[in-house]
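Protein chains in written order, with the numbering used here: chain A, 1 to 453; chain B, 1 to 734.
In short, the hints are calculated from the structure, not lab data.
Idealized CB from N, CA, C, for every residue including glycine.
Any given hint might turn out to be false.
Restricting the straight-line Cα-Cα distance to at most 27 Å, the calculated cross-link-like pairs of lysine-lysine (BS3-like) are [unchecked claim]: (1) A:K75 with B:K614; (2) A:K75 with B:K547; (3) A:K75 with B:K529; (4) A:K294 with B:K466.
Here are some chain B residues pointing at chain A (derived, C-beta under 7 Å) [what the hints assert, rightly or not]: (5) W360; (6) G361; (7) V365; (8) I387; (9) Q388; (10) E390; (11) K410; (12) V467; (13) G470; (14) E471; (15) S671.
Listed below, chain by chain, are the residues.
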Amino acid sequence: MEKVRYERPIIQKMNTGLMNKFGTRTEYEPVTHIESVPVKSLLNDYGSPLFVISEKQIRRNYQNATRIFKTRYPKVQFAWSYKTNYMNAVCRVFHQEGSWAEVVSGFEYDKALGNGVPGNKIIFNGPDKTDEQLLAAARNNSLIHIDHYDELYSLIRLSEENKLKPRVAIRVNMDTGIYPKWDRFGFNFENGQAWNAITRIINSENLELVGLHCHIGTFMLAPSAYAIAATKLCELTWKIKEKYNKVLQYIDLGGGFPSANTLKGAYLPGSDTVPSIDQFADAITDVILGFGFKHEELPLLILESGRVLIDDAGYLLGTVLATKRLSDGRRATILDFGVNSLFTAFWYDHKVTPAQAFGDHTEEMVLYGPLCMNIDIIRESITLPLLEKGNHLVVHKVGAYNMTQWMQFITLRPNILMIDLENKTHVIRKSETLQDLQANELIPSHLKENTLK
Amino acid sequence: MRQRLNTFRNLIFPAILNSYSVIFFFNNRFLALVLMLVTFLNFYAGLSGLLAVLTTVLIANALGFDKIQLRKGLYSFNALLTGIGMGTFFDPGLVFFTLLALAALLTLILSVTLGSWLNKYGLPVLSIPFVITFWFILLPSSQFENLGLTQRNIYWMNEMYSMGGNSLLHFYQSVNSLPVHNLVDIYLRSMSSIFFQDNLIAGFFIVIALLICSRITFSLSVIGFLSAYFFARFTGSDTASINYYNIGANYIMVSIALGGFFVIPSKYSYSWIILLVPLTTLVLLFFTRLFEFVQLPVFSLPFSFVVILFVYFLQMRTKVSKFFLTPVQLYSPEINLYTFNNNKDRNAQFLYFPLYLPFWGEWNVSQGQDGEHTHKGDWGKAFDFEIQDENGKSYSSGGLLCENYFCYNKPVIAPADGFVEEIIDNIDDNEIDKVNTFNNWGNTIIIRHLNGLYTQLSHLKKGTFKVVKGEFVSRGDLLAHCGNSGRSPEPHLHFQVQISPVIGSKTIDYPFGYFFETKDYIHKLCQFKRPQLGDVVSGVNENLTLKSAFELMPNTSFTFRFENEKGIGMIEKWETFTDAYNQKYLYCSETESSAYYVNDGLMFYFTAFYGNKKSLLYYFYLSAYKIFLGNIDNNLISDAMPLNIITNKRISYWFHDFIAPFYNYMRVNYSIKHAENSSDIESACVVLNSKIDISVFGKTRNESTSDIFINDRQLSGFNFKNGKTIIKAVCIKS
Numbered sequence: 001m002e003k004v005r006y007e008r009p010i011i012q013k014m015n016t017g018l019m020n021k022f023g024t025r026t027e028y029e030p031v032t033h034i035e036s037v038p039v040k041s042l043l044n045d046y047g048s049p050l051f052v053i054s055e056k057q058i059r060r061n062y063q064n065a066t067r068i069f070k071t072r073y074p075k076v077q078f079a080w081s082y083k084t085n086y087m088n089a090v091c092r093v094f095h096q097e098g099s100w101a102e103v104v105s106g107f108e109y110d111k112a113l114g115n116g117v118p119g120n121k122i123i124f125n126g127p128d129k130t131d132e133q134l135l136a137a138a139r140n141n142s143l144i145h146i147d148h149y150d151e152l153y154s155l156i157r158l159s160e161e162n163k164l165k166p167r168v169a170i171r172v173n174m175d176t177g178i179y180p181k182w183d184r185f186g187f188n189f190e191n192g193q194a195w196n197a198i199t200r201i202i203n204s205e206n207l208e209l210v211g212l213h214c215h216i217g218t219f220m221l222a223p224s225a226y227a228i229a230a231t232k233l234c235e236l237t238w239k240i241k242e243k244y245n246k247v248l249q250y251i252d253l254g255g256g257f258p259s260a261n262t263l264k265g266a267y268l269p270g271s272d273t274v275p276s277i278d279q280f281a282d283a284i285t286d287v288i289l290g291f292g293f294k295h296e297e298l299p300l301l302i303l304e305s306g307r308v309l310i311d312d313a314g315y316l317l318g319t320v321l322a323t324k325r326l327s328d329g330r331r332a333t334i335l336d337f338g339v340n341s342l343f344t345a346f347w348y349d350h351k352v353t354p355a356q357a358f359g360d361h362t363e364e365m366v367l368y369g370p371l372c373m374n375i376d377i378i379r380e381s382i383t384l385p386l387l388e389k390g391n392h393l394v395v396h397k398v399g400a401y402n403m404t405q406w407m408q409f410i411t412l413r414p415n416i417l418m419i420d421l422e423n424k425t426h427v428i429r430k431s432e433t434l435q436d437l438q439a440n441e442l443i444p445s446h447l448k449e450n451t452l453k
Numbered sequence: 001m002r003q004r005l006n007t008f009r010n011l012i013f014p015a016i017l018n019s020y021s022v023i024f025f026f027n028n029r030f031l032a033l034v035l036m037l038v039t040f041l042n043f044y045a046g047l048s049g050l051l052a053v054l055t056t057v058l059i060a061n062a063l064g065f066d067k068i069q070l071r072k073g074l075y076s077f078n079a080l081l082t083g084i085g086m087g088t089f090f091d092p093g094l095v096f097f098t099l100l101a102l103a104a105l106l107t108l109i110l111s112v113t114l115g116s117w118l119n120k121y122g123l124p125v126l127s128i129p130f131v132i133t134f135w136f137i138l139l140p141s142s143q144f145e146n147l148g149l150t151q152r153n154i155y156w157m158n159e160m161y162s163m164g165g166n167s168l169l170h171f172y173q174s175v176n177s178l179p180v181h182n183l184v185d186i187y188l189r190s191m192s193s194i195f196f197q198d199n200l201i202a203g204f205f206i207v208i209a210l211l212i213c214s215r216i217t218f219s220l221s222v223i224g225f226l227s228a229y230f231f232a233r234f235t236g237s238d239t240a241s242i243n244y245y246n247i248g249a250n251y252i253m254v255s256i257a258l259g260g261f262f263v264i265p266s267k268y269s270y271s272w273i274i275l276l277v278p279l280t281t282l283v284l285l286f287f288t289r290l291f292e293f294v295q296l297p298v299f300s301l302p303f304s305f306v307v308i309l310f311v312y313f314l315q316m317r318t319k320v321s322k323f324f325l326t327p328v329q330l331y332s333p334e335i336n337l338y339t340f341n342n343n344k345d346r347n348a349q350f351l352y353f354p355l356y357l358p359f360w361g362e363w364n365v366s367q368g369q370d371g372e373h374t375h376k377g378d379w380g381k382a383f384d385f386e387i388q389d390e391n392g393k394s395y396s397s398g399g400l401l402c403e404n405y406f407c408y409n410k411p412v413i414a415p416a417d418g419f420v421e422e423i424i425d426n427i428d429d430n431e432i433d434k435v436n437t438f439n440n441w442g443n444t445i446i447i448r449h450l451n452g453l454y455t456q457l458s459h460l461k462k463g464t465f466k467v468v469k470g471e472f473v474s475r476g477d478l479l480a481h482c483g484n485s486g487r488s489p490e491p492h493l494h495f496q497v498q499i500s501p502v503i504g505s506k507t508i509d510y511p512f513g514y515f516f517e518t519k520d521y522i523h524k525l526c527q528f529k530r531p532q533l534g535d536v537v538s539g540v541n542e543n544l545t546l547k548s549a550f551e552l553m554p555n556t557s558f559t560f561r562f563e564n565e566k567g568i569g570m571i572e573k574w575e576t577f578t579d580a581y582n583q584k585y586l587y588c589s590e591t592e593s594s595a596y597y598v599n600d601g602l603m604f605y606f607t608a609f610y611g612n613k614k615s616l617l618y619y620f621y622l623s624a625y626k627i628f629l630g631n632i633d634n635n636l637i638s639d640a641m642p643l644n645i646i647t648n649k650r651i652s653y654w655f656h657d658f659i660a661p662f663y664n665y666m667r668v669n670y671s672i673k674h675a676e677n678s679s680d681i682e683s684a685c686v687v688l689n690s691k692i693d694i695s696v697f698g699k700t701r702n703e704s705t706s707d708i709f710i711n712d713r714q715l716s717g718f719n720f721k722n723g724k725t726i727i728k729a730v731c732i733k734s
């Protein structure tokens, strides 16, 4: 029999008011295992904190999303959004599942090539593409999504000089009835800029316009916005067919589908309020199928979803460093990971669960990271059971953006682990060492002598 | 003048040659020349044979008979037999040649009239015109005083002496008295007697030529001979039924005709001839005794009688699963056999109208044909489909509502082009696990694809129909959404093919044209197959670049520039035509070659090639034998080719011919793939790599490789490489 756990005594303020039949106990169950691997052993073996990615969940998410779209529309292609999580192992799981690569920089482009993605299955987005990168993409027959006129002119010049015929699309921005309106990327639909750019491309002999792209925003909560975006892209496609007798091959609606995380300031948890992928799929495919294209001229529907496919496959495991009481009486818990590792803590109220059994009592607390910075807060207010030094915690739905936007700040970045389909563990990125970080540092010769005696 | 020369070269000359070889059912110049040489061993017989053929061919050509039949020698081979026969039996002279001309005319008339009469029943005329003509000559011949019966056959040594002197005579005698086995001796003499001769040299030449032309014909001649010989010994009818002529022109010919020419050579045909040769003995003895009354010899009448009778007998079968009649006569047992075997594997595609899966994405077969729940009896050949997740579940969150089911409300699309025949759209969805047996089929649509080919899609969702009754729908058009109406305890799609437009008609067994079966991440292309219970299937998307490159409209033509094997620049032009049977083919007039093809919208494939095997069209036939016009991830498409396309014939190939009717240890495999990864976004330029491999007992060697280039959605050229032959063809006009 397991030893009964000691819990320190607490004093709780008595709340008056109507009785609540659910009481105040936490709704969370302890999460002791991830894909049947004990959290405790993971932390023992690989150190704390630790990112864990479930390969099974990635594949489940991908298959679910493709099933949802492909049973509604004949031609669908997902392209893995590299910036969401470009750990090579993660990318390769997506590529194995059939996903193309969507990259937004030369660095990501090279990463995609390195992951074995054929050039013609890489979509090159983003406002920053150098001449060299444009040339390489054109030579590899990649799909280049043009963001602005300067890029368009560069590409025309480069393809003329090098006798190339790159396949291009333009990024279109538009009013889809949501706030904020994203108009800093691409060419605007409403003011005619997009049509202008299309005309230029069609009239240039060296570019082949193959599709249209838009990315209307991120963490979109309104399927209707996608319906509007799809309508506007279909209108352009139709007009191009009518005017230039050219059938565009694809419509790329970008990403932006939300994961089930809870945005800061949201009243209800994300899992209850976020629309399902089915709702987005219905909105998009209803528009395209109803637009009147001939069966064989239906454009390929490309989706660059990132977050919704990876977020819930990622976990961050950590350990309680200390607990203390703040000046206003609130309980504060200090963890061994902060916003340096968990960047998305700035946006989300992440779900955090203890990784061991606990008693009936809970208390409200602030979760702080280990940084020597005031902003290092994981959760400003969360009700958790009584925690003590050495307890383990699991942060859920951290697969998106953390492993790409994390900071090497004050501390070193931890291991990233993947649990495969047979529940075997693989380190997919080793924790950083001092040598790693200093490898690129150079010391001027006059500073080489150690002056402090 | 030039035109006459052309007629001679392209029609008269081949017709004369084929008259010789078609006696053994070939159109083969080598065999023809050997046979012609053999006939000239008896000089006057050979000469009168040749004259008779020439007369017949010229008259037939002048009168404008069918050039194709004429060219094949079908009108004139009887005249050849008559001519040789007359030359053998009568003395040459003015009267003789006059009679010969008349006889030739008579055989032509009989060949044409009897031939066309029998042709109506799909039967050959064989040597009946020769037999009748000869009777017409033989009976009155005693009336012609100036026509002398020849004595050359009696004093043949004198004749030979006068022709070639002593040396020829010695040679002849030494060969004729060679110590060969008795059976071999009889066999060779029998073969020579088909041309009214009786010597080992002629027999030897004929047999060697036959062996070179066809191993199957040779082995059949031996089997026919042995069967006849041993049956005669067994019954003791040797003296009456066994003479060289009867063995050669009747028994062996029956064996060749029915063992490998009119039927596809197989173990069945080989077994049958062992029975049929004794039967021919009966027929022969009967006719011999019968015609003795009128003093007529029966010649090859028994052969013709038995063969025509038996072919007609076989034609009357209603269900044929083995022992097939030759569907398209290619004048060689080997080619017939290999082509037939090849078509048997491929012909599913000719028989069926391609239907496609009526949905998008991956669905599971939840009940297959003759399934355990409702696909019973007359309604057995139906399919039920639903969507399952990776764990094999068809629903999420409890599955108590229709909306929980993955397939519920998913688009249902037209499986092929057709007219909407019937729509029922007034039945509400059932609750889960309840069935509506009153309106069994639920909301249903019936589409007429062809007259007598209807598809029915049932259990759809009320109010989701996007088409109306009478409307034309194209393949892939959205029809309605999947629902749970009718006898449907949970949402699924019911699909069946029927021959009548009535809702709930009995089903017919019909495959889907092209679809993918997914297993362990591999999408396997299935062609004209019936998906089975539990299969995960998905539809195919067409590749518009390939589709437009291989959509050869009538009256289009291609002009190619290439260098032939000798490095000489050549131009070849191909045109597309459609024949009387609605079969499409590419025709090259320079080389008189045609390549028949089918394009069913998703597959372009050649079905046959006739003509010059050195033509560019032939190389294209080999290169583009089968091209999938859709998108496929693993890219590779393969198909079996007939064995006779092999150019580099090794000993193993020759030996294979002997046992091919029983067992095939050689295979010719064609495969093709995209040079680059194909994707749903098409590039206007595509390169396809194809190759032909030959496997002998599982060991594979490469026969040829090709690249096909498509530029701007049009065929722009191709390369073909076979050993040292390298052809690079560029399309300069299309």
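Checked hints:
no.: 1; hint: A:K75 with B:K614; in the structure: violated, 43 Å
no.: 2; hint: A:K75 with B:K547; in the structure: holds, 17 Å
no.: 3; hint: A:K75 with B:K529; in the structure: holds, 23 Å
no.: 4; hint: A:K294 with B:K466; in the structure: holds, 14 Å
no.: 5; hint: W360; in the structure: holds, 5 Å
no.: 6; hint: G361; in the structure: holds, 3 Å
no.: 7; hint: V365; in the structure: violated, 15 Å
no.: 8; hint: I387; in the structure: holds, 6 Å
no.: 9; hint: Q388; in the structure: violated, 9 Å
no.: 10; hint: E390; in the structure: holds, 5 Å
no.: 11; hint: K410; in the structure: holds, 5 Å
no.: 12; hint: V467; in the structure: violated, 13 Å
no.: 13; hint: G470; in the structure: violated, 19 Å
no.: 14; hint: E471; in the structure: violated, 14 Å
no.: 15; hint: S671; in the structure: violated, 21 Å
This entry does not satisfy hints 1, 7, 9, 12, 13, 14, 15, going by the numbered hints stated previously.
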